[in-house]
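Start from chain A and add chains B, C, D, E, F, G and H according to the hints.
8 protein chains.
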Amino acid sequence: MDQDALRKLLAAVRSGEVDVEQGLERLRALPFLEIGSHTTIDLHRPLRNGFPEVIYAEGKTPEQVAEIFARMAEHGPVLATRASAETAERVLGACPGACHNPLARTLTIGEEAVAARPGEIAIVTAGTSDLPVAEEARVTCAMFGHPARLISDVGVAGVHRLFHRLDELRGARVVVVVAGMEGALASVVGGLVPQPVIAVPTSVGYGASFHGLSALLGMLTSCAGGVSVVNIDNGFGAACAACRIANLPDSPSE
Amino acid sequence: MDQDALRKLLAAVRSGEVDVEQGLERLRALPFLEIGSHTTIDLHRPLRNGFPEVIYAEGKTPEQVAEIFARMAEHGPVLATRASAETAERVLGACPGACHNPLARTLTIGEEAVAARPGEIAIVTAGTSDLPVAEEARVTCAMFGHPARLISDVGVAGVHRLFHRLDELRGARVVVVVAGMEGALASVVGGLVPQPVIAVPTSVGYGASFHGLSALLGMLTSCAGGVSVVNIDNGFGAACAACRIANLPDSPSE
Amino acid sequence: MDQDALRKLLAAVRSGEVDVEQGLERLRALPFLEIGSHTTIDLHRPLRNGFPEVIYAEGKTPEQVAEIFARMAEHGPVLATRASAETAERVLGACPGACHNPLARTLTIGEEAVAARPGEIAIVTAGTSDLPVAEEARVTCAMFGHPARLISDVGVAGVHRLFHRLDELRGARVVVVVAGMEGALASVVGGLVPQPVIAVPTSVGYGASFHGLSALLGMLTSCAGGVSVVNIDNGFGAACAACRIANLPDSPSE
Amino acid sequence: MDQDALRKLLAAVRSGEVDVEQGLERLRALPFLEIGSHTTIDLHRPLRNGFPEVIYAEGKTPEQVAEIFARMAEHGPVLATRASAETAERVLGACPGACHNPLARTLTIGEEAVAARPGEIAIVTAGTSDLPVAEEARVTCAMFGHPARLISDVGVAGVHRLFHRLDELRGARVVVVVAGMEGALASVVGGLVPQPVIAVPTSVGYGASFHGLSALLGMLTSCAGGVSVVNIDNGFGAACAACRIANLPDSPSE
Amino acid sequence: MDQDALRKLLAAVRSGEVDVEQGLERLRALPFLEIGSHTTIDLHRPLRNGFPEVIYAEGKTPEQVAEIFARMAEHGPVLATRASAETAERVLGACPGACHNPLARTLTIGEEAVAARPGEIAIVTAGTSDLPVAEEARVTCAMFGHPARLISDVGVAGVHRLFHRLDELRGARVVVVVAGMEGALASVVGGLVPQPVIAVPTSVGYGASFHGLSALLGMLTSCAGGVSVVNIDNGFGAACAACRIANLPDSPSE
Amino acid sequence: MDQDALRKLLAAVRSGEVDVEQGLERLRALPFLEIGSHTTIDLHRPLRNGFPEVIYAEGKTPEQVAEIFARMAEHGPVLATRASAETAERVLGACPGACHNPLARTLTIGEEAVAARPGEIAIVTAGTSDLPVAEEARVTCAMFGHPARLISDVGVAGVHRLFHRLDELRGARVVVVVAGMEGALASVVGGLVPQPVIAVPTSVGYGASFHGLSALLGMLTSCAGGVSVVNIDNGFGAACAACRIANLPDSPSE
Amino acid sequence: MDQDALRKLLAAVRSGEVDVEQGLERLRALPFLEIGSHTTIDLHRPLRNGFPEVIYAEGKTPEQVAEIFARMAEHGPVLATRASAETAERVLGACPGACHNPLARTLTIGEEAVAARPGEIAIVTAGTSDLPVAEEARVTCAMFGHPARLISDVGVAGVHRLFHRLDELRGARVVVVVAGMEGALASVVGGLVPQPVIAVPTSVGYGASFHGLSALLGMLTSCAGGVSVVNIDNGFGAACAACRIANLPDSPSE
Amino acid sequence: MDQDALRKLLAAVRSGEVDVEQGLERLRALPFLEIGSHTTIDLHRPLRNGFPEVIYAEGKTPEQVAEIFARMAEHGPVLATRASAETAERVLGACPGACHNPLARTLTIGEEAVAARPGEIAIVTAGTSDLPVAEEARVTCAMFGHPARLISDVGVAGVHRLFHRLDELRGARVVVVVAGMEGALASVVGGLVPQPVIAVPTSVGYGASFHGLSALLGMLTSCAGGVSVVNIDNGFGAACAACRIANLPDSPSE
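Chains as they are written, first to last, in this note's numbering: chain A, 46 to 299; chain B, 46 to 299; chain C, 46 to 299; chain D, 46 to 299; chain E, 46 to 299; chain F, 46 to 299; chain G, 46 to 299; chain H, 46 to 299.
Okay, chain A solo, but in the shape it has when bound (with noise of 0.2 Å):
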């Protein structure tokens, strides 16, 4: 498509409907949109990689997420991660109609534009102090256009309640396995199903767990073989890693 795009523009400045001066502007107006002196929002993103640009809160101010989110959602569904409670209250005085997941620490508005596709990722935790992250996982999923199935407290410290869901993991088409401390959890799924596996290392635990390092580096280096990982704590970053997956078009061959 930006193939064609540029094709045409190309075509109209031979066809002299465009002047060089003119191309070369068009050339130039790409698609997005400034705010302030402060902030460059890449509109067109999702013709590139799939995705809407999601305000990442965290270093911004409340007054900036606030003007941010209001001007992106004249454009369409906003999803914001890592919302203080006083960034929220904020983006909801600005925007009444957005709606504020205090444990997944989102905020989202025109979820109800995205049409859904049924039961597709599963986002499994080793404990309930994983759920945070999981939440934003399953968030982002739901404003992807995918509703993620969340099974929880399932670690491998009782690999039984693992294996009770067993069915629940194999129906679903990307699993995402979030854990802190060991991370253990990443190793023992990947090695139960032949799906995509996501792992999400979090932050939970204290002393050696080093605010999710050691799951992390347990989970890079899973004795289970294909087992990609994400950031600590990085719930929206697997998601989209799971709807890349998601998204893909069936098969050209079939």
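A few of these clues could be false.
[Claimed, not checked] Ranges between beta-carbon positions, derived for each pair:
#	chain 1	residue 1	chain 2	residue 2	range
1	F	Arg116	H	Asp295	35 to 41 Å
2	F	Glu103	H	Asp295	56 to 62 Å
3	F	Glu103	B	Arg210	44 to 50 Å
4	E	Arg210	A	Gly216	28 to 34 Å
Hint data in this document are derived by calculation from the structure and do not stem from the laboratory.
Just so you know, even glycine gets a beta-carbon here, dropped at the ideal spot from N, CA and C.
Here is chains B, C, D, E, F, G and H on its own, set in the frame of chain A:
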């Protein structure tokens, strides 16, 4: 299927066809193969997660690898990774039909028996020094039935080289990005294509690259949403992750 | 016992007492208890590894802890660790009979039902600042039926204090050593007594103690053979390890 | 000049204008100013390395900062960095003419006395969350006589945003790149422009970004040759490095 | 016993059988043996902590090891660990009756003099590459009187292999788990058996396994309560810890 | 002296003045003082290593510190370090004569009883932000009988400030260098003076100073031979090391 | 210039001189050169960032380096860094006119074609052991047209050696400081001269120098404002950074 | 003395005996000696910090070491550390009178010219494997005029061995403690003696000893006040620190 096997076994016990002690025995007769006292080959792994067990040659003696390789070769195609020259020599002595790829450090046999599906996985490297890891990924994909296209030396220090190959990237079902040093290529690719992106940090670099740590951290913290990561230099794991995706059946609703 | 249960179930299927679908169902009816969508309590864990499931309160909301605590209290004694003051208040509201130890940060109920075996575990601290961790260990031992003797503030900067208490150490069946900073007490105790020694590094210290890393590494590399180590500040884990030992039955040959 | 001062002093000793003990004394009378017992202001630093001494407010009490700021303000323009709100209040009380920039956390006075040379330094950020660091750099450049152009939120996840601003970058004499997470923007900019590039990793991110370590390592191992790096979040230092370059006189041969 | 010896010495001084200076001398005459100027063998260590002193050969010259080994062999059984081929050759030259195990890298003599108690310690490995460490543990147990059962290659990537061997595990008095990569086997075993579990991380793996750090952290942060850990690759230390437990006399009350 | 006490005791046993059981008892009656169950004060430590036991207040409750402080104050001068404001308040309530230095975070009593030897220790800081650590060192030296001279804010960014104070440095018997950031001052001082130099890294700095790690590593790897180092921010330890030196008696041969 | 090329192309399309498909083709015909399947040489890089692409020989086979070197030598001067003796031999075989500097580990050809501008860059080393890195920098500067002056072995342990060479330093346009161990030389130089200072940490040292990490951290946290840093042992990168500065045209306003 | 030299020079300028330009020249004529372009020997260092410059052989070619050694040997006694066998051979070729100690890896000449003061420094090692570091310290002390007493293999796993040697320790003026693994010996010694204690961590150990890091951290965080630490394996630095102390003149007041 495990489920089915269990149901059939129970039915056989029920019918008296199989008595209780035999039933107990069969439940134990799980599908692996012990070699000497040192190795337990997991022959039914394909039934569980889609891949044959692969021999990780590092840390095993050449004799152990040769013995395991030969025994497994009686059951089907075999892949050994991280094989030293000495191990390769020993394996080729035991299995003259095996193939040694010294750049990838792999040993394979029976790949001709693997039915291939063309053109679905793209493997991109930042530099020529990343080739051994990319090659390990390529051989692994081939052994798992997914021939991969290699796009080499298109790192971000000259980002136009990447843009030149963008169509090839966009034609793939999964993209594996192999990069050392700061690993920025993963972020740039992740921002340009909507498909699943598996990033492999390599130990290419020196000093503050800390044997691949720098690329690993960079890929984990990528600003492009949905890039997932495998271990440093783990071309094999990236290929497994890519094949888990490429193996997905078409979605049931279609 | 799992074995026996399985054999009995198969016999019942065999005899027709239990039909195939019921058999399938029972194999699934594993012994845990789901609470809401967030928690899966593993009630039969004592049958597997000798301990009840314990609530790790950190990272759970006070409401979640109170709900889990109350539900588990219906089944037997309960221990919760790492409980904040706020969580304690909430649990005491839900279970007025529970006991809160603020130094140890534990919540317990039903300890009077635990039959005790006296004097088998010694808990030694290097300094007064290590007491919270030692106290967590002591409470845990008590809940698991093993009252422990606490020997406090006998670190190696004044090694004669330790020698003064040596007889008490030698009278114990297991010794738990709790120390921060450089953790040298573990090596000295390990060199002086023949019993099992479980070392707990604490986060006491500053600067290059790196929140307990220094003590952890020191204990792992102890020149005294046979000192084993648990996570930083993990009084609970050390107590579990000690109780695993203290729980051992007398040797079969005698 | 030091050289000249020394020669003059020796000549004065030679002529008897200055006696030996006086000469000894003058050699000692180096150009700094002691404040109380805690601080030794280095007033002649501009003569040595081109910059005034700047107050690093972190780790100093508000009272100390206010005293030093006031004393230095008697000698010329003053810049304080890393000033907390409390420190700012105290300084503004002592020096009502001072200016507080809360985003940059700077306090300044006398900037109107600094003669500016326009348009030479470009400061580029990957995201809106990097603004505080970029703003510290911008204020510092201004105080050192080099107004800077800020180009914000052009990170590599949407690399076309950067290309859109390339002309502005190419018009600058020095480019400062401010980025957190994986910091890939530094490599991409370093590959696109021939000017000096100073990279500033920021602590924006979480988990495996390890408070900026990930961006730092990524920038240090950049595949683009000649990118140099300053400390994490060190907008001040990047500005100093940029001004050292911008201050260079024209080359002698021309 | 130290106590008794002291009491006897004091009584002898009291009776005049030993005079004061002699008493002073005897208090000094502690039970060790100096070899040259470099080594102080601690012959009475068995009286203190149950084990003979063992020679750690790494970092000693082959000559030093041979000299110490020969001198100690005059007093009883000897074990040397981490012996290189060169050291082994030298020791076998000096003590022709010694036995070299190249996989375990041990040298032993006098093991036939050690009375064995059968079947109490189980040593489990995740993979074949973990065998050298497991073998060091096995040899050490044997030298300390506790023959151990080796269960090899039952890692969690195929968790059913472990379940197949569960009865053997449950029959042991202590379980030593030897695993590299992410070390998840320790958590799974710890959740399945009630006995003491000693975990040994190995340096098997590459990249983010960081020479065993990943497995070490994973085992320290295990979600299974009461798993204790020794140093990376420290098969010797795990055996010592296991033998400290296996050596425990039956409880006094029975 | 320990030797002497032992000899006297043995002589008393010999003479019948003390019987065997009493002798045993006295050997045990070592010089410490137990407070409650939590603390074992080592009153005779001055006899062993020249310093009184000092209270490290961090990690102890204000109540514990106040109790220990009051009990020790009955025996002589007392020093408590790392005392919070809350702890100070509690101690001053219990011991109205105590003195609180909030910059140094110390509590002291009885310093007037310490006979001072003037002018032997110099404490040098790189910057004003290093003062709290330097002040802890100064107070500790004073309590141990060695008033120290403080030379502040002479870091290497303006190295002439240091040269100006060189005579003062050279007049000291020991030099303590307190510096954060890169800690280069220790190397420069170590290259300029022949006396013992004790370096104290401080946590002053941010980003890649990693809470003092950067200064610590820099001081440990100093190119100036014979600089020794204490823990980060450990003004107390540096003072102890300095006083160990300053306490040395004149050499015996003179 | 890219701009101009684009404008010309569009004009040619406009005029019909180039048709649409040709235009599309030319936009793709970007200036690089593919060698085999492994390398994509970026011939127009000088147009973008002022430097030719340089061959980083580490991680490439000698054959690959020789092939790339020879192909690039057809287009102009070539520099290869990190060349082993074996690689050098292979390259000299393929390109007899090439020059091998074994201390710097460089291979060069065509340097006589580079027009030099004298005396602008000073390279200072702390010790003789830092020479290989300094030499890599010197050769790189020469290949980029900027002969550099080498000032060796003037580290801060004897700071007067540096002062002796201060005039030479002050005469340079850019100063590159090469130092291992604690790297303090960068701070001292940065405090003494007003020019741009590029610091190169080296891996000289042992123990806590952690292969250059200590020097790296020290340079990043330098108390001298405006010192920027490149990777450990990266003499090449420092030279690139220095040449980016030295290449700057005189300022437009003059 | 520098002071005196300066005063004399100024007086000479004053008197006309030396003219201004000559004075300038002499101020520059600082006492070092340049060798080729690579080394600047600091001959007057003894006047500044009491030690001759010592050759750190690692990272220098054998030729460089031999040249520097020979040149320095013309001026007085010489010490080279970290000398490989190859370097030793080259130096002995150039200076037949030099002495090579292969355990300590030192080369020395002229030690017979150093007047010794007996018995002041004790060097204690934890194990035989620590001897090379201890020996480097011993040789260095000898070259600096302070013969040292070596007490070997008295680590804390058998702490009574240390007590046996306590009188020797107490008779020393300074104690150097050399220990690897967890380095606990430093804490125990520091708690037992009142003298200055210099701790040297060694790289003896494996796994979590991380090449000496564990011992280093343990020594830095020692609970015994006033233990100061040098770099890992830095026997030379510890000897320098000890000699700085042993060199102190008697206190002025006595």
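Outcome of the hint check:
no. : hint                             : verdict
1   : F:Arg116 to H:Asp295: 35 to 41 Å : holds, 39 Å
2   : F:Glu103 to H:Asp295: 56 to 62 Å : violated, 39 Å
3   : F:Glu103 to B:Arg210: 44 to 50 Å : violated, 58 Å
4   : E:Arg210 to A:Gly216: 28 to 34 Å : holds, 30 Å
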